[in-house]
Amino acid sequence: MKRPRKVHIKQSILWQLVFVGMVIAAASYGLHNALVNLEARGISRGFEFLKVTAGFEVVQALISFGEGSTYLRAFLVGLLNTVYVSVLAIVGSLILGFLVGFARFFAHPLSRGLAKMWIGGIRNIPLLLQIFFIYFAVLQSLPEPRDSLQFGNLIFLNNRGVFFPWIVNGEWVRPVLEGFDFVGGNVVIPELIALALGLTCYTSAFVGELVYASLKSVDKGLWEASRSLGLSHFQALRLVILPESLKVLIPPLTNQFLNVFKNSSLAAAIGYPDLVAVFAGTVLNQTGQAMEVISITMMVYLLISLLISIAMNYFNSRLARVRRHV
Amino acid sequence: MFEKTFIKSCFGSVGATLVSLISLAILGVMVSKIAQWMFLGAVFSGSSSEACREATGACWVFVKENLVFFMYGMLEKKEYWRAQLFVSCAIAAVSLLFFNRTKTLGLWLNFLGMPLLAIAIIYNIFSPETGVDRDAFGGLFLTLFVAYFGILWAFPIGTLLALGRKSGPVVVRLFCIFWIEVWRGVPLITVLFMSSVLVPYFLPEGVELSKLTRAMFGIVCFSGAYMAEVIRGGLQGVAGGQREVSSALGLNWLQSMRYVVLPQAIKIVSPAILNNFISLFKDTTLVAIIGMFDFLGAVQAATKNSAWLGYAKEGYVFAALVFWIFCYGLSKLSSRLNPISES
Amino acid sequence: MDIEFKHVGKSFGAFKALSDINLSVSKGEKIVICGPSGSGKSTLIRLVNQLEDFDEGEIIVFGTPLSQKTKSKFRGEVGMVFQQFNLFPHLTVLENITLAPIQVKKWSREAAEQKARELLALVHIEDQAQKYPGFLSGGQQQRVAIARALAMEPKIMLFDEPTSALDPEMISEVLDVMSDLAKSGMTMLCVTHEMGFAKMFADSVVFMEKGQIIERNTPAEFFSQPKTERAKEFLSKLKH
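Sequence lines, in order, name chains A, B and C. Here the first sequence stands for residues 294 to 619, numbered as in our numbering. Here the second sequence stands for residues 4 to 346, numbered as in our numbering. Here the third sequence stands for residues 1048 to 1287, numbered as in our numbering.
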């Protein structure tokens, strides 16, 4: 009995070695081709390019980015913009999603119908199409800066974005029309609006469905028990049903956050300066170092996705432990 | 009876009445605006943007005039038959999968026949002198083409990855986990960038793939990884006793997977597979970003046409309607209609 | 001799499931194995068709010692019926029975279906052939499972608590089929608490506890005057 099993294990190890060999062979063949091709096209290799001055401008940068900034700086600007729009969209889709989810849950035919319409409509239309619609069909058709829609001569809405007063050097500065554009104050660029709004709407449909499902998953007995204890409908919801449903809701919800983060890369389609647009777009075009740029980009997404997954798993296992003690 | 409860639940209390009024207001504004824009103020007849100058609503002439472009992209009229033939064959081949008797034939046709057909009439390998440009294929046809092959090849790849991840030896398992998690961890757009920009570098000199093939490569990798996780979920849902009884009956691993475990696994997750397909169908729009004229890409291009400036809304609404009908229809498709596994 | 256990031991990690098992089963013999839960009864019979590997000793089936190499050799020759039926839910009753003969024995579909219908008649459910398992009662499902195992024309049949998952009124229909099988001269190893069946058909009763065989006896003696205290205790609990 024992001897044959050893033979079995030996065989299995042999096959695994063959498999590893094949993978390595395929990878090194590809790599060899890549080296030859890069050589032939005179493209330099390595990560030195990150220190080179970028020499382009970015319409929205959360950290200072000027003429002398490097490609590395451009990478950071893109990454921060990705995080920025992701956070905006996550917060937005949570608010809207909970609203939709509750509307769908309530025994109110009209609110339920509206929520169902929203979920069924939004979910079945590609996100990119929604972003295009908001950006090209709505925001681009806003008036020129000269004919801006105004709100009390403070806030101006036009096809270059939303302009509003902001503190500069400790003073409130109002945006003022100079020539063809506004100066002073602060601006939210239309690309950001379109992307954040599109992501928010799209994700809110999924969040809404999740919220609804999690509320429904709570045992009916809990409703009855809380009502019989004298809690009002609202109290039962707030004190018993919602906390219970959160346990079911949170794991798939984190998944939606991951999706928002990945979907924010659609920025490239409308020119919002996110990681993909700035780094895998402009920087790639200028340097030609496709291998380095694309692997860095993919690695960053992968890393952050993994971090979010790990955090989620940790959170889940803690949640599971808490539940077992109950 | 129904009316009574309806009225009671809408206006039974102050809160309910408030919600009703808000809902009715939203509905009312929405319906009137949409009706005004889509139908009452819309222009349906004409052949140029001239016809729409007075319109207070949508200019459907724009859609009407550009319809063939939306459907076929830049394809010449005399070559439409290629797209039509391919789509008809694909529909036929897929529907064969839904019937027990024709399932085997369907598998052969889908995985061998259709790729050959694609090579013959889309890639036009056999008669290059006819000069049909393979990059001219576009529009809704391209969307369907990419989605069809994307989901079809996701099945075998996803199955292999799922089996490898679940019951392969350590090395294979690690490889499968790595492969699956990489594709699932990055956005599709970076995958498309990779396959369109990076893949050419990895090919030997002289070998060139068309834009379409490169995009397909990325999409298949991507959808295969997602499919793997869906199928793995199904494998976990199959009761452990099934494997056991199969081996007690003398079936080997391959046989028990093929006849006992996989059919059940795929059946369990068929709704998830359908959802996966809907996602993929929506995701194919991303090929527009790497410069291909799929359905959305074609609509986008048409709105930039100087003869038709200012009709972006019409274009996108039309595209949204088409996508919505496809996706909503698919999501309503009964999960009992399940290819590969029967009954 | 059909089956011979020689000093067989088996552990699951630190847990010793079986130790020093010696048992021989001759051709046509029917053995009922009983004992408290966790005593290793199921593990014992699962070793015979190699659903589990053992760590110590030797098991000889039809004169051949079991090893990794014989893993697929005897499957099919050793049929097994499980407590939870384990019918294939996605296949009809007929397909459940014909799957293994067609795939493993490479029979033609016609021959396999012919055989399946005969077996269904044997277990008295010939009219359910086209149904899916989900539409059958527990007793019917278990009879299909027996027919499915018999379709491979096994020389030994293993029963792992075949009636434990059944409602009381369905137990007898399964026991009837098992009785018919016993009369036909099949070698049978049954883990069961159906003492009526044991009294009527078993050649010997094996009592197990904590992974060991405590007693092997004829049914008549086992039930009237068991040799060990533990068996006495077990029997008295069973009666109540």
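Careful: at least some of the hints might be erroneous.
Interface residues of chain B toward chain A, partial, derived using beta-carbon atoms under 10 Å [claimed, not checked]:
1) Arg137
2) Thr193
3) Asn308
4) Gly332
Think of the hints as simulated: they come from the structure by calculation, not from any bench. Just so it is clear, CB atoms sit at the ideal spot from N, CA and C, and this is done for glycine as well.
*For the hint on Gly332/B, does the least C-beta distance to chain A fall short of 10 Å?*
With a closest approach of 9 Å, the Gly332/B hint holds.
*For the hint on Thr193/B, just tell me whether its beta-carbon gets within less than 10 Å of chain A.*
Given a least distance of 5 Å, the restraint on Thr193/B holds.
*Going by Cβ atoms only, is Arg137/B closer than 10 Å to chain A?*
violated (23 Å)
*Holds or violated: Asn308/B as interface residue toward chain A, Cβ cutoff 10 Å?*
violated (13 Å)
The structure does not agree with the numbered hints 1, 3 stated previously, though it agrees with the rest.
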